[in-house]
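K.L.:
Listed below are the residues making up each chain.
There are 2 protein chains.
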Amino acid sequence: MALIVQKYGGTSVGTPERIKNVAQRVARWQARGNQIVVVVSAMSGETNRLIALAKEIQSQPDPRELDVMVSTGEQVTIGLLAMALKEIGVKARSYTGAQVKILTDSAYTKARILKIDEDRMRADLNAGCVIVVAGFQGVDELGSITTLGRGGSDTTGVALAAALKADECQIYTDVDGVYTADPRIVPDARRLKTITFEEMLEMASLGSKVLQIRSVEFAGKYKVRLRVLSSFADEGEGTLITFEDDEGMEQAIISGIASSRDEAKITVLGVPDRPGIAYQILGPVGDANVDVDMIVQNVGHDGLTDFSFTVQRGDYQKTLKTLEPVVKHIQARGIVSGEKIAKVSIVGVGMRSHAGIASTAFRTLAEEGINIEMISTSEIKISVVIDEKYTELAVRVLHKAFGLDQAR
Amino acid sequence: MALIVQKYGGTSVGTPERIKNVAQRVARWQARGNQIVVVVSAMSGETNRLIALAKEIQSQPDPRELDVMVSTGEQVTIGLLAMALKEIGVKARSYTGAQVKILTDSAYTKARILKIDEDRMRADLNAGCVIVVAGFQGVDELGSITTLGRGGSDTTGVALAAALKADECQIYTDVDGVYTADPRIVPDARRLKTITFEEMLEMASLGSKVLQIRSVEFAGKYKVRLRVLSSFADEGEGTLITFEDDEGMEQAIISGIASSRDEAKITVLGVPDRPGIAYQILGPVGDANVDVDMIVQNVGHDGLTDFSFTVQRGDYQKTLKTLEPVVKHIQARGIVSGEKIAKVSIVGVGMRSHAGIASTAFRTLAEEGINIEMISTSEIKISVVIDEKYTELAVRVLHKAFGLDQAR
Chain A
1 MALIVQKYGG
11 TSVGTPERIK
21 NVAQRVARWQ
31 ARGNQIVVVV
41 SAMSGETNRL
51 IALAKEIQSQ
61 PDPRELDVMV
71 STGEQVTIGL
81 LAMALKEIGV
91 KARSYTGAQV
101 KILTDSAYTK
111 ARILKIDEDR
121 MRADLNAGCV
131 IVVAGFQGVD
141 ELGSITTLGR
151 GGSDTTGVAL
161 AAALKADECQ
171 IYTDVDGVYT
181 ADPRIVPDAR
191 RLKTITFEEM
201 LEMASLGSKV
211 LQIRSVEFAG
221 KYKVRLRVLS
231 SFADEGEGTL
241 ITFEDDEGME
251 QAIISGIASS
261 RDEAKITVLG
271 VPDRPGIAYQ
281 ILGPVGDANV
291 DVDMIVQNVG
301 HDGLTDFSFT
311 VQRGDYQKTL
321 KTLEPVVKHI
331 QARGIVSGEK
341 IAKVSIVGVG
351 MRSHAGIAST
361 AFRTLAEEGI
371 NIEMISTSEI
381 KISVVIDEKY
391 TELAVRVLHK
401 AFGLDQAR
Chain B
1 MALIVQKYGG
11 TSVGTPERIK
21 NVAQRVARWQ
31 ARGNQIVVVV
41 SAMSGETNRL
51 IALAKEIQSQ
61 PDPRELDVMV
71 STGEQVTIGL
81 LAMALKEIGV
91 KARSYTGAQV
101 KILTDSAYTK
111 ARILKIDEDR
121 MRADLNAGCV
131 IVVAGFQGVD
141 ELGSITTLGR
151 GGSDTTGVAL
161 AAALKADECQ
171 IYTDVDGVYT
181 ADPRIVPDAR
191 RLKTITFEEM
201 LEMASLGSKV
211 LQIRSVEFAG
221 KYKVRLRVLS
231 SFADEGEGTL
241 ITFEDDEGME
251 QAIISGIASS
261 RDEAKITVLG
271 VPDRPGIAYQ
281 ILGPVGDANV
291 DVDMIVQNVG
301 HDGLTDFSFT
311 VQRGDYQKTL
321 KTLEPVVKHI
331 QARGIVSGEK
341 IAKVSIVGVG
351 MRSHAGIAST
361 AFRTLAEEGI
371 NIEMISTSEI
381 KISVVIDEKY
391 TELAVRVLHK
401 AFGLDQAR
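As given, the protein sequences belong to chains A and B, one line each in that order. First residue of the first sequence: 1, per the numbering used here; consecutive thereafter. First residue of the second sequence: 1, per the numbering used here; consecutive thereafter.
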């Protein structure tokens, strides 16, 4: 008998009909002799509706009170899914994050999970009951409701799987796995049967929105066996996220091509090339609560250098404003910046042991006349910033250049 | 410094604009040096929307799970009202029923309050904080969410006032007090400055929907000073529900005329007039979960009598079905019944010490050619069942006959 945690996203529970379908799927898994914990998101559109309502009251809603009302979205879904299960004769019981309880810190709207009580769930499971838990939410030490931030339901699923030492955590979504590239861009893209955690982390952080990055980190840390599946297709095997050391299978050199248009680039020109200058630029940016993604600084000459980085597009204007006094203070020459960029990344653990990946990538882009504006690399990925209009073209030619359209 | 509990119903918090108005009103009361606890209902329409959603999953929704999802309506409102208060500079903090905590039994969808923790609220109040509590809901000993049933937000308000020994519990609604009759029926109806608890209980149970009857009982039991006010009008004094022995003021003989069209009448004809027969008829009705209101049995003759009672119109068909085997079993002659009836009641504590009220009422109805089908009396009320079509006429002529259109 296996213990399986299944997580269903907002689209999968978007209508009463779909909730009934989820109940049927859960019932099938249970009928095969498994113990099942289900984590659900709010019905699609509901979280946005609640946030919009809050903004009619306060343009910057109070975080504690926002969590109180936004968490109701998942609370409605757990009630409905538990009803749907009971309706088809499956014993079920719903729990909010506070009821489980999923203890978090008090960072409203982006809380972190500290601890999960498993006793109550274990008792229900042993009684043959399916447990339906509200994703995305928890409770702090004082009993206030917290939420984990966007995509937090994935994290709830993985955290429950870790706490219960589940055999597998299944993330049901509207795609049937992780692909070598976005199939809307590359028709030849193939579903990966497996992908390593490190690759998945890079893919997630690079704009492949199949899994929320925090949940992948969490799964990696607690060695949770994670699988991505479709809640619409008939039962397939999806994509299993593997631990490199666990699974003996041969890894492909490159697993996939990810792309993201969510960023903007900023270059501070003619920066005095002296120690501490990076901190003088990025310190104020961090203080303004802006996350910086790529950072590139080349060797300087004549005591000056250019310092470039990318930020989320939503933070672009704020970042420029933050830098105005900084540029004056450090006596830099000025700023050039742009929003119309895309980041395209090649991800694969095989890169570590294979030379020539970068040059293949750069040559491929050059042959298409695509100019590379920034480059950043890690052990298992190469990211380039290019003009936004070439995004699809770049993804397609790189996908082909690395043979990802060929069955392995 | 007074401690005041204010309860706002669904219409009063029906839109973001109205929630802001409530916040302004709360702020004014606090600025006058009062400590304020606010109890709110779900935004109007929200509870029905949630119940409809549940019924798309289960025609008879599981009660525990129904409470889980329906309770989210109030949870959204507390978040919004706390935001609205903070937005205008008032310290505020929201609490769900479980957070307060309002401990109830486990009778889902119609739970009863057992105990309320006041420590946390007291600490917040002493810190100058307005407390915003979700009405209609609580939590049972196992931590499951419960609801108190329709109108339960009034009960929450009164129960909190009792627990905190509040100086006054103010129920804000869409009318500005209790009237001598429904102003839509009797244009001359006057707002009562005071009404006794007993009268209010009769009025509430007789179809005057200003206050939910359980909340009035609760207030009477715990000696909570209760006031009904309008959340739309400028601040008036509303109607104060008084304890007869507390307040020295002279009571009117008759306080008001109430009417209700929610009932149906059933008469079992030719019932053997022997001990235990009432139980044989009403026992099965009670077992079918039907509440019986008026019960009338006259002296029999020839060993037979007729046994009449009224039930909620929604229970009418079920009751008839329940009685079919009973009628055979007790060898009664048969059943006559009707849905097209109304109950009109004259309420007033002065009845106790004044003779002739009943005869005035019966004469007044007779003069209009209105036939009385059933009569039932208590110490402070006289109820008659009449043909539904005469409802308004009966209310108007009784209102006039007892001089309720004259200022006191």
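What the hints contain is simulated information worked out from the structure, not anything from laboratory work. Just to be clear, a hint being listed does not mean it is correct.
Heads up, the list lumps identical chains together, so a pair's fine if it works in one copy or across two of them.
Lysine-lysine pairs mimicking BS3-like chemistry, simulated, CA-CA at most 27 angstroms apart [claimed, not checked]: (1) Lys115 - Lys101; (2) Lys86 - Lys318; (3) Lys86 - Lys115; (4) Lys340 - Lys321; (5) Lys389 - Lys223; (6) Lys328 - Lys400.
K.L.:
Should Lys328 paired with Lys400 be assigned to within, between, both, or neither, using CA atoms and 27 angstroms as the limit?
P.N.:
So Lys328 and Lys400 fail the 27 angstroms test inside a copy (46 angstroms) and across (85 angstroms) alike.
K.L.:
Can you tell me if Lys389 and Lys223 fall within 27 angstroms by alpha carbon in one copy, between copies, both or neither?
P.N.:
Result: close neither inside a copy nor across copies, 39 angstroms intra and 73 angstroms inter.
K.L.:
Using 27 angstroms as the alpha carbon limit, work out where Lys86 and Lys115 are close: within a copy, between copies, both or neither.
P.N.:
Close neither inside one copy (29 angstroms) nor across copies (31 angstroms); limit 27 angstroms.
K.L.:
How would you label the pair Lys115, Lys101 (within, between, both, or neither) given a Cα cut-off of 27 angstroms?
P.N.:
This pair counts as both: shortest intra-copy Cα distance 8 angstroms, inter-copy 23 angstroms.
K.L.:
Checking an output row: Lys340 and Lys321, CA cutoff 27 angstroms. Within, between, both or neither?
P.N.:
Within one copy only: 19 angstroms inside a chain, 73 angstroms across chains, cut-off 27 angstroms.
K.L.:
With 27 angstroms as the alpha-carbon cut-off, assign the pair Lys86 and Lys318 to within, between, both or neither.
P.N.:
Intra 50 angstroms, inter 26 angstroms, cutoff 27 angstroms: inter-copy only.
The earlier numbered hints that this structure contradicts are 3, 5, 6.
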